[in-house]
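Let the sequences and hints guide you as you build the complete structure.
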Amino acid sequence: MDKRKIEFYVGLFVIIGVLCTGYLFIVLGEISFVKDKQYPVYAFFSSVSGLKTGAKIEMVGVQIGMVSKVNIDKERLLAKVELSIDKNIELSEDVIASVKTSGIIGQKYIDIQPGGSDIILGPGEEIFNTESSLDIESLVRKLIFIKNNK
Amino acid sequence: MAIPLIQFINVSKNFGESHVLKGLNLSIYKGEITAVIGKSGTGKSVLLKHIIGLVQQDSGQILIEGQPLSQLSPKKIKLFYQKLSYMFQDNALFDFMNIYDNIALPLVENSRFPKDQVNKKVLKRMDQLGLIDIEKKFPSQLSGGMRKRVALARALVMDPEIVLFDEPTTGLDPIRKKKVHSMIQEYQKKFEFTAVIVSHDIPEIFNVVQRIALLDDGIIKFEGTKKDILDSQSKILNDFIAGKDI
Amino acid sequence: MLNKLIEKFGEKTINLLKSFGRIILFCFSGVTNIFTLPFQFAKIIEHMWFIGTKSIFVIILTGLFTGMVLGLQGYYSLVKVGSEAALGAAVSLTLISELGPVFTAIMVTARAGSSMAAEIGVMRISEQIDALKTMHINPVRFLFSPRIIAAAISFPLLTALFDVVGIFGGFISGSMMLGINKHVYMDTVIQSVKIHDINVGFYKAFAFALVTTTICCYRGYYTHLYSGFGARGVSLSTTNAVVHSCIAIFIFDYIITFFWV
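Residue numbers (my numbering), protein chains in the order written: chain A, 1 to 150; chain B, 1001 to 1246; chain C, 2001 to 2261.
Bear in mind the hints are in silico, worked out from the structure with no lab data behind them.
Any given hint could turn out to be false.
Unchecked claim - Below, in silico cross-link-like pairs of lysine-lysine (DSBU-like), each with a Cα-Cα straight-line distance of 35 Å or less:
1. Lys1136(B) with Lys2182(C)
2. Lys2133(C) with Lys69(A)
3. Lys2194(C) with Lys100(A)
4. Lys1022(B) with Lys1221(B)
5. Lys2080(C) with Lys52(A)
6. Lys1078(B) with Lys1124(B)
7. Lys1083(B) with Lys1189(B)
Take a look at the structure:
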């Protein structure tokens, strides 16, 4: 095989490989090269069971960001969730964030109900109104308890 | 007498159960061509490989200009090996490279010659050995004799001071054989190089070399100059030359 | 009788340890020789052509069918629990963190690894490696180092190709044949795949490249020690090279998954 030809085909191979790698990282891995396209706000929940980093954040059914961190606030003993919200979305301070489930065994996501206040949440501020994930087990337990008491 | 360039003292080598060299003594002098003759399979190639360091002796010593090889500094050993060149019995050409690259390889890998100088050297060697228009061919496309000559060209392309030939003429026709012999001779006159030739070309080889050593049963049975051979009463030598079983 | 058995066992163990030490030294010397100048650029390109470019077709074919069968099998499993919508996630995650790197490595070993072992083995038995030594060329640097580099570049790229083609294969069987909404499929793929998974896949590809090239070249290089001179020896080392490489791929796959996931 001619040397020039080999070089050409190796180049082609590398380009194909790099394109595939790029596709994996950029499209599937969702690496954003432009930083600061999103801003963080925080929300505290009494339970976020099942919520993972990278989960969707939706408002009226449209994705407006993703969960970037889930950990425990040691003082308040609540789950502290960092939400990355797209820059072009403005949240008023009285929005309600709730952990919800898509489908019966589907993934957890955070739903935000729009509020009516004029005061807008800035980066790093906190959403006060939150609803924790629905714990079916405790609901069932409560139901049985009420029944038994009657 | 002068100190030999390379001297074997009591060198023994075993490969597993078989004892190939059994306390061998041999001297190789600077500027001379030494022929090693002997039956096939008596360890002539092993002897050559000891010199270039491909095989290490089990016991005994190899002296380089009077000093044991094992006691030389790594730098000196390297310097010594750089003077050496080896031509393999089975050519050992690289079959993934074409003929030109094969011959040019030692030059390209070891020295910083510019490309045109490498080219000149390689083409000169090829021309001398009658290797014309086969630069782009691969070793597998050549005849046995051609391959032999390519191997010879490769061994000589670095202008080595010491060349070890392992049967350089086996498989060549008488004309080519003569050409190779006269080339080795001519070379020696020009560059005064030292050579060790393992050969079966008796008696032609006697006209090429200055010294002859007969290897049999793991030791050198006879060692001497051409004149010594003619005067020799050694039965074993005469028998071997005459083709009688020894 | 018992003595002999113990003796034999001890000898085997020592030999195993010896080979283990030798292979590590071999790998180490190959890797360090990558960085000795002059850089062997032309040789790296040539090996990349052999390891990478010539494997593209095989990788596309195996990737496509792996993805398709994952889509098919995954669909029938997921449909039982009523969550066939998660097919994209199932296909892409298995491909990216497991099957992609492993299958790519096995295919490339079968294609290029075997020929590495055979080629270097033939060079050993026909004294070409000795010839390199007599020309003061380091055979490890000359034969092994460019192959490591070429493999270390080619394996991740081929793995990426395998992943992408495989995900498309899952799309073909899941979406085009079994009728899952194509947006749902792609959406679950994008949602479920995280940077971390992709990284692990690439770590694996990289590790497999190093391991298989080392084993294959090592087997060829030391053909004479294991199986003697001759064509028989080369064929034996080639077989061993491929088998051992595949075993090593699975072992390393487990180790990497264990530590990084």
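Comparing the hints with the structure gives:
1. Lys1136(B) with Lys2182(C): violated, 54 Å
2. Lys2133(C) with Lys69(A): violated, 58 Å
3. Lys2194(C) with Lys100(A): This hinted pair holds, its Cα atoms lying about 21 Å apart.
4. Lys1022(B) with Lys1221(B): holds, 12 Å
5. Lys2080(C) with Lys52(A): This hinted pair holds, its Cα atoms lying about 25 Å apart.
6. Lys1078(B) with Lys1124(B): holds, 28 Å
7. Lys1083(B) with Lys1189(B): holds, 18 Å
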